[in-house]
Every structure is written in structure tokens, then in C-alpha cells.
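Those protein sequences? They're chains A, B and C, same order as listed. Under my numbering, the first residue of the first sequence carries the number 1, and numbering increases by one thereafter. Under my numbering, the first residue of the second sequence carries the number 1001, and numbering increases by one thereafter. Under my numbering, the first residue of the third sequence carries the number 2001, and numbering increases by one thereafter.
Treat the hints with care, since some could be wrong.
Partial selection, computed: residues in chain A whose CB lies under 8 Å from chain C [stated by the list, open to error]:
(1) Glu55
(2) Ala268
(3) Gly269
None of these hints come from the bench; they were simulated from the model. For glycine and all other residues, C-beta sits at the position ideal for the given N, C-alpha and C.
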Amino acid sequence: MATTVISPDTDVVTEYAGGTLAREQVSLWRDGLRRLRRNKLAVIAMVFLVLLALETVVSLFWTPYDPNLVGACPTYAFPSAQHLMGCDDLGRDELSRVMVGTQVSLAVGLATAFVVLVVGVLVGLIAGYLRGWIDALISLIINIFYGVPPILPAIALYVLLGRSVQNIIIAISATAWMDMARLVRGQALSIREREYVEAARSSGSKTRKILFTHVFPNALGPIIVQATFSIPIAILTAAFLTFLGFGVPPPQADWGGIASEGLQSLQAGFDPYILLFPSIAISLTLLAFNFFGDGLRDAFDPRQKR
Amino acid sequence: MTRGTLVYIVQRAVLIAFTVLVVSFGVFYVVHSLPGNAFISDRLHGRALQLLLHQYGLDQPIIIQYWNWLKGAIHGDLGISLVTRGAAVTPIVMQELSVSAMVGGAALVFTVGLGLLFGVLAAIRQNTWVDYLFTTFAVIGYSVPSFVIGSLGILVFAQWLNTVTSGAVYYPLPWQGTYGGGGISTLISISLPAISIGLYTSGQITRITRASMLEVTQQDYIRTARAKGLRARVITIRHALRNALVPVMSIMPSTVLGILTGVLVIENIYGIPGLGKEFVESIFTHDYNLTVGVFTIYTVLIGVANLAVDLLYAVVDPRIRY
Amino acid sequence: MRLSRMRICGTAVGLLGVVTVAACGSGGGGGSQSGQLASQQVLHFPTYQPPGTWDPGEADAEVDTEISQNVFDNLWRFDNNLNIVPDIATTVPSTSNGGISSDGLTYTIKLNPNAKFNNGDALKCSDVLYSWSRSVDLQGPYASNLSAIAGYAAAQSAAGAPPASSSGPGAASTFQGNIEAQLAKQVPAGSGSFVPSGLSCSDPETFVVKLASGCGWCLTAWTLEGSTGAIVDEKAIQSDPVTWWQKPVTPGCTDCMVGAGAYYLASYDSKVGFKFKSVSNWWGSPKPTLTEIDIDVHDPSAIAGDLTAWEQGHYDLIGYGGNSGNLTYPQIQSVKGSRFSSELLTQPKGRTTWVSFNIGYPSTGGPFLGESAAAKGLRMAFDLAVDKQGLASTVCHNVQCQAATGGLITKGLIGYLGDNQDPLAKFDPTQAKSLLKQYDPNGTLTANLKYSYNAGGLNDPVAAYLQNEWQQNLGVHVTLDPSSDASAFINNRLSGKYVMSRDGWQFDYNHPQDWFDNLWGYKATAAGANTSGFDDPTYDSILKQADAEPLSQALPLYNQLSKILSTDVVYIPLYYSVGNFVIASYVKGAGSNTAFDYYWDNISILSH
């Protein structure tokens, strides 16, 4: 893992006003990607994630067995050549169910990251740049939920809205954007004081232009990192939700739900592999996202201390 | 305690109160809007059900019900349970709070202790296999969800150990501890859950401790050790560790949050009679006042914990002044 | 483990002397059961649900009444074979002994003059009058047990809705407090609108009940333990009508769980556990041998650990307290394969599960509505396509349930038709397919069927099995519609918002009226409990007649009702529940029948 070194490129460039912006961006990206490529763990993680995405797409069209076909094999069958992950308490093929479970996890992860990016960045920019009563209101909202573990409002919202994958996404995103907003607000607050921003403002540029051509690109590094890390957090929260019993309705299968069934089977006296396989799947996926996120952070946001 | 600190504490207290208000109303509204209720059964329906609902004031508008609840809550009366008819919610919630606090507290001690230990060891033996081992362990730690570790714990310590030793040694699943009490049985009962919760958050602490120790001392203690011997090395490590505490404190709020989330999930797995289990159960059984009561206490607990952490942060880092 | 524990004890005694003997726990010397009573008569077992309410006027759940039946006595009780025997009353009234008048409308009941409450208060007729009136006024789930009494409807409306000014958490106390206040004025006189006019005390030892119409099932219903016929102490309830049943009993206490049974509540913590102790010099019989009952409240997931604890002697039995359905199949198998196999008790329980069709609620729709040949034919098709024996063996391994082949009334209860006597229990896939082709040749009517059920326990594998059967034997795909919220599911089922639904009934007392009144026909419809909507003038008139006559004459009529249900294909029978208990061999007198766990005053602990 790289040590904390501040790249001379980015630092020097930000001191110039206006026109050097294009060069700054190219440097950031090229530098960052180069650093990322050198980080072996991050590369392995990326490959895994690409494979995972591929598997998700495949599972939309094909799985070894129908994941909801009851009696595809004897109940609680031990893993075998025909059923690589064995079968669950209703005789459904585990492998197919775990494959299908990826759909929910990735959908929740990516959709939440998208909402976090769009809503969180916008709100944070507006609050941090415009200040005033808008900032006070937004900060109040963020501070109220600062002390609430995101899983609690997620559960509350989810039971209210009813069970579906869509509603899990809504329930988790509802509080997930706040961390991003707070980060972006902080960035906006400091960037707006920089000379070139002041210069742009005094020369009469519109707020929108300033925000998106000056403020946003300079905060891009931490934003990307935060957005990337919001994916495993969302997947984890969704897994908690479904594990606790607030699951997605059948026929959709999801890892948390399968793991929960597995634990119940385990405590009833059956074998543990129904529990083990989705647990391994979740852990590997989260591990990959975390390694990848670490790599991204080292590459694009080297100022941050680890 | 300076005046500034006092003002800060008051500000935070007001924020906590405000949060509790918003959050409690939100939860109140949500649970009362769910279809179904705590009473209906094969035998209890129709007119008898309507009477029971009227008896407990459950057919009034939600705002009025909330107002009545709030009036009581300010005086510490969180209402009555609908499932265990008539039982007062406040003593139940307090009892469960003591259990959750025990488990959460144990998890906190474990996570900080383990995190610091591994971080220090990794920093001392930087770039050796020890370093890579602990750092990888840290990342794995916060990638494996706590319910996975918890489930594995049950598998290994409650089942396999039981089978392997023919029932002589095993982790007893039914909660053996007493409410708010100590004793060996309580300690045993919270050990596995605390570890399951704490492993997850210890990863971040390990990494931050290691990074900050490295930053503070660079290669100093290795050089010093070679030059001056063991004792100086120990002193350097202690000095480095104290400086490492500052960034560790800075992530305490998110650690506490992580632990409280973990407590919620782990309690449900291990059947620990605490706030987390009550929260989930009361949602399924439509025991409205219990759900709202637990949520409220949870919020107050987090608010107070965060405030305590921030104040402690000021003690540890002299640069911070409120 | 018990044997090795004793060996250790023996060795320890030899090595370390007296101190260790004390630490070795209950029982005495190192012999196996000698038939002698242990010195410590304490029964220890876990329960997996905290109590809902033990108030006989409001109690509803089996887990509650299995415990409260030992604290509250009724005028009569059921013995272990479900025969009615005297309890607080001195005899079981009948027309032959004059206890019941010749027209069947007046019951004269003599009370045992020795009967006392467990806090020392005397038990007089005024307490019986109070108890029954209170049960009517509270209108809890079993108030209908008393519905045949003259003046029931008037008392019901008098107690009616709680005062309009009630609000918030205090409302419960206001409503019940109001009832208590009225009853305090009207009892023991037996007058006033809150006391049904048919109840009175002709003297402090004689209770008189007048019915509005003939009732063959009333005596059985009044005997239902822990329920509306139970006798409670007015003094002990008045000061706290809502939570009196949670408070431990001390001599002369008011505001505590006072009953006339052999045991009283000694300590209570709804989330941790409770203790009951035997009443010294109890007036009833058999005199209690057990001095203390310790019940721990556990999370259901802890049952595996509890089973191990039982094997090691920390618990004396598991399954009491309404928990006979908690042992899982692998656990049952492991007990069977161990040296504890003789201590496993398998007991059919009075609960039947079936599939109901939406017959009478047109707003929901579905092909099963009404009594046309097509509707009946389709219902029959779906019924014959299910292999009931296969279900019992695949899903329950014949250990947790048995195929329901003798009608809906559970085997062992009065009204059971006999093994394989229910024509709907047949499995005939060929006939099923031909019926389907006849009545739904294009498959359009059965295209969007849903089977609704509440998720959890056996319900999921049962649903999966049914779906499979209909797919394989009929070629029809039925979507599963699980509900994770039991109360929302019950709500929908009661209002007929389903096409096919899991349905079931836990019997309350051993009389067919319990089933036929509550599930189908005009009475069920009036109570809002007719889940299938089946209502038929013939059924109703036979039901009215059967309810009025004594059981011996009514039974053939009830059997006719069974036939009507069968011919009309109102249901698909699935299974009868089977309970599983583990009871240590040194526990004597413990066990269970179809209805309830044997009373605690039957039980004693042998030395071991």
C-alpha cells in the first residue's frame, strides 16, 4: 500500500486560475489510473467485481436450475456434482439461488451509490457554496440523522413502504446521501475560498457554472472514493435488513435471506452449508469493494490519511 | 470545565432532544400505519377486537395518540405493552438497555483493544509478514458482516464444540446472564456476541492506529531500538501510541455507530434479551409502544455516547476546544 | 450425563466430603429411581413465548392457558382423559341428578364449602357470580362461551363501548375500571345491567344459571380451563383490573394473581421467567406434591441449547406451557436415536390445518365462488390432486403432523369421523385432471391462482409441497402468496380477501360445536369469522338444532354437518398437529392429552 505522498502535479496546478483546469483534470486522471494499476490488490478486486457483474447478467437469463423450483433436489442435500452448493430446506438448488442473489446485492449497491452521488453531491454543493438559511436547514437535517445508525430508519421506512427491491433501495438511500452531502459541503466550503473561485465570482460567472466547473471537479477525488465506499455499505445494510427478516418477497432470492434461513436450519440441527455459501459470497463481494475502494482512495485522493 | 464546553454540551443536548422528537414521531407514525395489530387472532376479531382497540385508544387519530404518548414520555412513562397486556414499557426497556449496554460496552472494549493491539504490532513490524497479516486481517474484518461472524460463532462454539466434547464444554445459547448483573455467567454470555460485533469495527481502528503511528515516528523506533536498546523503544512506542489515539478518537463516532448496528443484528441471532431483539420483535408483533420506546432509547443512547466521545476527544487532543 | 454427574458426585463425596454433596444438586443418594420422592420437588422448564395475558376474561393463547390453568380453577375441570369432573362445584350437573332442570334451561350448582382462594380469601357464590359477569362484560375472545345465558346480550350492550372520554394509555384501565366499579355495586346481589339476568346465587353455596335456550355444549365450554368460566377474586382485581394477573401473591393481598388453584404466582418477570409455588393446605385434590415450578422465558432459537441442558439435567422437561411444537425434526430424531428415546412423548394435539376456498366473498373473485357445478368441480379437482399422506411424510416426516383423513375435527376428539372416513382425504390425480378438463378446458379460470399463507414454521414447506402437487398432478401453476405479518394475514383471511388460503383451528373444548359454530354458517358469519364464506340454510338449521341438544343426540347431527362440508368441497384437509415433549424419566405424572398438559398437581419428582 502506497505511503502518503502528495503529488506535486495536482498541488501546483490548483494555484492557477481558470485556463489550466483542463490540464489539471488530465493529470489527476492519468496519475490516478497509473497508481491504481500498480496496486495489485485493487486490480484483483476489480477483476473479481467485473466477473461478479458478468455473473449477475448471466443469472438474469440462465441458472443451473430454476432458483424457485421446489423439489429440484432432496431437501438439505449435501453439495454434490449436480448441485454444487447443495439444496435448501425446500429442495431448491442453492447455487442458483446464490447466483440470483447477486442481482439484489448489486442492484441495491449501485442504485444507492447513484442516489448518493446525485443527491448527496447536489445537496452538499448547494449547502456548502450558497450558505445562509439553506445551509442551516440542510445541516440541521444532516445533524439530526448523524447519530442514528442508518439501519434503524432503513427498517422503519422499509416496513412502511412494503417489501420489494425498489423499496430497499429507497429505504437505504434515504439516509445514505447524508454522509456524501456532509463531505461535499465541507469540500465546497473550503474550495469556495480559493482565489480562482473568487475571481470567477467577481467576473460575474453564474453560480451554476462556478459550481460545476470549479468546485465540483476539485472535490472529485474524495467524492469518487466516498461513492465507491457507499456501495459495500449499502450492500451490507441490505444484507442486514434481509437477514433480520425484512426480506424481499419470493420469488426473488437474496443473500441475507438465504443466510438467515441457513442459520435457522443450523439451529434446528441441519448442516451449515446453506448458511456458509451466501456468507462467503457476501464477504468476498464486500472484500472486493473494500480493496477496490482502498485502491481508488490511494490513487485519487492521496491527501487523505488512512 | 470551561464555559465554552458547557455551552457546547447544552447545544448538543438540545440537538439530541430535537432528534428524539423527530425520530420518535417518525417511528410512531410508521408502526401505527402498518396493517394488522397486536390483538387479532383466530378467536379475537370483529366486535371484540374493535372494543379492545378502543380500550387501548388505538382507534384515535395518530396525532392524538402521539401527543398522549409524548405527554407520558416526558415524565418517563413510555406507555404500556399490547402483547404482554398492560405491562409498563419503561421498566422493560430499561432492563433491556442494561443488557444491550453490557454487550455494546464489551464490544467497544474488545474492538478498541484489538484494534490498538494489532495496529501497534503492525506498525512496529512494518512491511514484515506480521504487518501484512494484521493489515489483511483488518480489511477482512470489516468486509465480513457481523452476522456472518456471529453465525459462525454459533456453528463453532455452540454446536461443534458441543458435539466434539460430548456436551462437556460449549457456549450456552440461551441467555444465562442476569439483567444488569455481573458474574461469570453474564461474562460468558456476552463474550461471543461482543467478539462478533467488535471484530468488524476493529479493522478500521487497526489501520488508523498503524498509519498514525507510522506517521508520527517514521522509522524512529526501529532506529532508536537498534541504537539505544529495548527500554527506549518501549518509551517511543508509548509516545507514538498516545499520538495515535487522536485519529482513533476521531473515528469513534462511526465506531460507536457500527457497534450499535452490530448489537441490533447480533442480539437477534443470539437471542439476547436486549434492545435490538426487542426492536425487531416488537415490529413483527405490532407492539407499538415497545417499538417507539426502544427506538427512542436507542437514539438517546447514541446521542449521549457521541457526546461523550466528542468530549473525550477534546481531552485527548488538546488542539480541540469547544 | 445424569449418570456421569452422579459418578462425579460419588467420587467427589469420597474425596472432598460433605461440601460437595450439597453442590451436587437435587435428589439424594446415588441410586437410580427407587420410586421414592426426591427431597426437592421443583419442576424446571423453558417456555418460548412471554405471556400475553393470564386474565381468564381476556386469555386467548394456548401458551397462556397451559400455565394459568394451574392457578385458576373453574366449577368443573377436565381430567386427563377429557372427562368433565367436579372442581369448585361438588357434582357435574345432569338431568338425572337434578343439577339440570328437565327442560334443560336451569342449572343448579352446589359449591364446595371448603374452596378458598390462594391468598386466603374465602370463595363464595358471589365470587362465581362476579367472575362470570365480568367475563361477559369484558367481551374477550371467549366471552361467547357464556352466550347462551339469559341476559347475555343485555349485559354485553350495557358494558358496551368504553366511556367516550377514554383516550391514550389510560383507556384500558378506564374501561375495565368502569366494569369493576359497576360490578362492585351489583354483586353479590346479582342485579343490575352488568350482571346477566340468568345468573344468581340462591345462597352463598349455590349458584343458579338460567339459559335463554337449550344448549348442549355449554357445560363443556364453561369448563374450559384458564378461560371465561374460571373463578377469580373480586377483591384482588378491583384495584388494578389491567395488570393484577402479573403480580405475585401474598397472604391477604389485593391486586395480585389470585385464583383457587393449587399454585400461586411467586415471582414474575415477563422477559426472564416466573416462579409458581404450591398452595399450602390446598382445599382441592389431588394435593400438590411439587412445591415449586420454575419457568424460564427463552428465545425460540435457544431450543437446541435447551435440549442439551435437558439432557444434562438442568431442565426436567421441554414442551410444557404450549411449547410442544418447538422441537425440530432433527432434534426429535436425535433424541430417538439416543439413550433418551424412551423419554420422548409424541402426542397428537387438537389442531387441524386445511386449505380454505373463497366460496362466499364475490368481491375477491376466483373460480371457486358459489355452489355451481363448475365451482364445486374445480374445488374437487384441486382437492383430489393433493397427496395428503405424502404431505405428512415429506413435510412432517409423520413426526410433527399426521394426515387428516377423518374429517376436520382432530383425531381423538368427539366428532372425529374415523380413520379414512373423509372422502375429501382421497388422493386421485386421474379424477382430478378429468374434473379440471371438464370445468376449465382452456385453463383460463385457473390461470391466476394464489395460495395465501403466513410464513414461518411448517407453513413454508407445506405451501411448497402444495404448489408442487398442483403443478405436477394438474398442470396448474399456483403462485405462492406468503405473508410475513401474521395479523395482516389473519385480517385478510377473515374478510375473505384470498382465493385459496391456509386455514386451521385449534380446538378449545371437546365438543363439535366449537368447530361448527365458529368456522362456517350463520354464527360464524355474524361473528365476522367465516373465512370461507360458506353459508347454507340446511347447514344453519341443522346447526341450530344440534347446538340445543345434549351431545348424545347432537352428535349424529354434527356428523351430518361434516357430510355437508365434504359434499360441498368446502376445504382440502391437510394434517393434524402432533406435539413432541421430552420428559425426564424421574418426572412422574407429567404428560399431555389432545387438549392440555397434565396439571402440575399431578406431577411429582422421583429421587434420581
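Structure-based check of each hint:
1. Glu55: Interface hint status for Glu55(A): violated (26 Å vs cutoff 8 Å).
2. Ala268: 4 Å, holds
3. Gly269: 3 Å, holds
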